[in-house]
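First to last, the sequence lines map onto chains A and B. For the first sequence, numbering that gives the first Met the number 0 gives the first residue as 0, with consecutive numbering after it. For the second sequence, numbering that gives the first Met the number 0 gives the first residue as 0, with consecutive numbering after it.
Think of the hints as simulated: they come from the structure by calculation, not from any bench.
Here are the in silico distance ranges between beta carbons for each label pair: (1) A:Arg179 / B:Ile98: 34 to 40 angstroms; (2) A:Thr65 / B:Asp71: 56 to 62 angstroms; (3) A:Arg179 / B:Val94: 29 to 35 angstroms; (4) B:Ile28 / A:Ser59: 55 to 61 angstroms; (5) A:Glu68 / B:Asp71: 51 to 57 angstroms; (6) A:Phe50 / B:Tyr23: 55 to 61 angstroms.
Going by beta-carbon spacing under 10 angstroms, a handful of chain A positions derived as facing chain B: (7) Pro167; (8) Thr175; (9) Ala178; (10) Met180; (11) Leu183; (12) Leu187; (13) Ile192; (14) Thr194; (15) Pro195; (16) Ile198; (17) Ala199; (18) Glu202; (19) Ala218; (20) Gly224; (21) Ile228; (22) Phe229.
Computed from a predicted model, the values in this text were never measured in an experiment. For each residue, glycine too, the CB sits at the ideal point set by N, CA and C.
Listed here are the chains, written in short residue letters.
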Amino acid sequence: MASQTQSVREQTLSSVSDSAPRLWPGLWAIFAKEVRTEFRTRELLVTTAVFALTVVFMFSFSFDPTSEESRRIGPGLLWIAFLFAGTLMLEPAFLREQTNDTLAALRLAPIAPTAILLGKTLANFLFLAITEALLVPVFAVFYNVSVANVIPGLVLVCLLGTLGIVVPGTIFSALTAQARMRELLLPLLLLPILTPILIAATEATAALLSDPPEWPSMALKLLAGADIIFLTVAYFLFDSLLEE
Amino acid sequence: MTPTRIFWLAAKIVAALWMAAAGYAIFFIAPDERTMHEIQRIFYMHVASAWTAGIAFLVVAVAGLLYLVKRDPRYDWAAISAAESGLAFTTVVLVTGPIWAKPIWGIWWTWDPRLTWTFVLWLMYIAYLLIGTLVEDRNRHGVLRAVYGLFAFINVPIVWFSIRWWRGQHPSPVVAGAEPGSRLDPTMWAVLFFTWGATLALFAVLMRGRYRLEAIRGATEELRQQAEDSAPAHSDAPGLSGADTPVRASLI
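Bound-form chain A, shown alone (with noise of 0.2 angstroms):
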């Protein structure tokens, strides 16, 4: 772990010529050691793809639904699962730091902390957007909900409401890395400020999936807005977060 950071800490160093830090260098540099770590093993992945299959599973047998049902239940049964499986997904983005201690050289090396927390936010953004492209066309079968005909607007809604999970999320990973019961304490805090998304990507699905389509122009505007308004708190924000 220790020479993967120092591999970091080169490249950075490579690319940087003046003293500043600049940010796309240190911002690539960072996803790029996010994805080979991940794909090294793919535990995050795994588990967090089971673990929303499972709540989709859950809530087959607690409703049984009918075919019409689940066209009413489908997309907020979606989200929510997208959700618990964001919260438990972001949870180790910065617990492997602070287990392997790596963190402190993260922060010594010559890259500025929004590259850091920037380049955690798109990996992260990357992993939840896999897991939930492998659980769409598993919920469309199980549900029997068809999907095909929607495709570009399902992928659209899914990307808006992504950013709005991880955004925030990543920040709230890196602020409860210490807390003790930070597994209790990120949901804790994370799901009642996704509830905007929640809203608005349920609904969003809602006119997607029924029957004729319907175009979720409302829901999407106040999705891509609420984004927008995480991504400005966030960017403005990043640099005193990682600061002792």
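Start from chain A and add chain B according to the hints.
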């Protein structure tokens, strides 16, 4: 007694008397409402508490922002105090609402925009107050709280709009943005603002009390830290050694 202590003792007395006067005004001065009668009188405390809670959460966000910029623990203490007092007023809103709703709507609760919104708000600030108990490093949970307070506050309008576009049952506004036909009676209006003043005074007193508690806790923490720092040097220079160098261990 210092002048500040005298001021806050007076403030406590004023808040208590004002609250009692507001109670009198609500039950004996405010006119009877045409269709709802007595049950409508809960409106004054309900609305005044909601407004005060809104102001409290604004204080939380502003104090959090100031803490992030200046890193002065006093802002963090102010934010905690405002959040806890604001949560108390939100609880008043959530309790008085259903008491009114049961006879008027026939149900205690419905997932109406304003109700859902208040409930989410309540949950967020409970989570906010739990941060302090679950994160050990004081320096860290100050930042976490400040960031959370900020996110919670910007979330409030988003949740508000998001649920507003899809459902609605809560009574329409009667003060700002009211429709011409539903204007408040001038006496009702006066009683409402009088009650709001009472809740604001109570908020100030509660926040001040909570702030003092937090300041004492902070001072205790500081002393403990100093005692720990000076403990190894105890053998060669007993007493004050280390007290003038309260350097926190830092990674950088």
